[in-house]
Amino acid sequence: MEDILSYEVVHVEESDELVGIGKKLMEQAGLRPRDALYIASAAADKADYFITCDDKVRNKKVKIVEVLGYGLNVMTPVEYIKKRGGG
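Residue numbers for the sequence shown follow UniProt numbering, beginning at 1 and rising by one.
Quick caveat, the hints were computed from the structure, so don't treat them as lab data.
Ideal Cβ positions, reconstructed from N, Cα and C, are used throughout, including at glycine.
There is no bait here: all hints are sound.
FRET-style restraints, in silico, Cβ to Cβ:
id	residue 1	residue 2	range
1	Glu13	Pro33	17 to 27 angstroms
2	His11	Gly69	21 to 31 angstroms
3	Asp16	Val78	30 to 40 angstroms
4	Val9	Arg58	16 to 26 angstroms
Computed cross-link-like contacts, SDA-like style, restricted to lysine to any residue with a CA-CA straight-line distance of at most 20 angstroms:
id	residue 1	residue 2
5	Lys23	Tyr38
6	Lys23	Ala47
7	Lys63	Glu27
8	Lys46	Arg84
9	Lys46	Glu13
10	Lys63	Tyr38
11	Lys61	Gly30
12	Lys82	Asp55
13	Lys56	Leu72
14	Lys24	Asn59
15	Lys61	Val78
16	Lys82	Thr52
17	Lys63	Pro33
18	Lys23	Leu68
19	Lys23	Asn59
20	Lys82	Asp48
21	Lys24	Ser41
Sequences are here, hints too, so could you generate the full structure?
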């Protein structure tokens with residue numbers, strides 16, 4: 001299995017675009033403000049995965065992908081490890 005700790009960490013600066021994506025996620029996907037900004041930050045750098053244990057977020061993954069316009073994989077840590085071949 002790949003070393004999970006070797007993945008890239010990217011600092012995303014606040015921007016009008018980021019806030020705009022967050023607002024769209026709040027309005028159209030029904031996300032809480034904090035969750036919307038976390039996901040907007042991931043989307044700003046076109047992340048492949050958004051890992052969360054929050055069922056409220058995971059249950060909205062179809063709507064999140066619709067709003068973002070690309071296939072961000074929203075999943076639990078266990079789902080991620082299984083997908084990556086570690087379980």
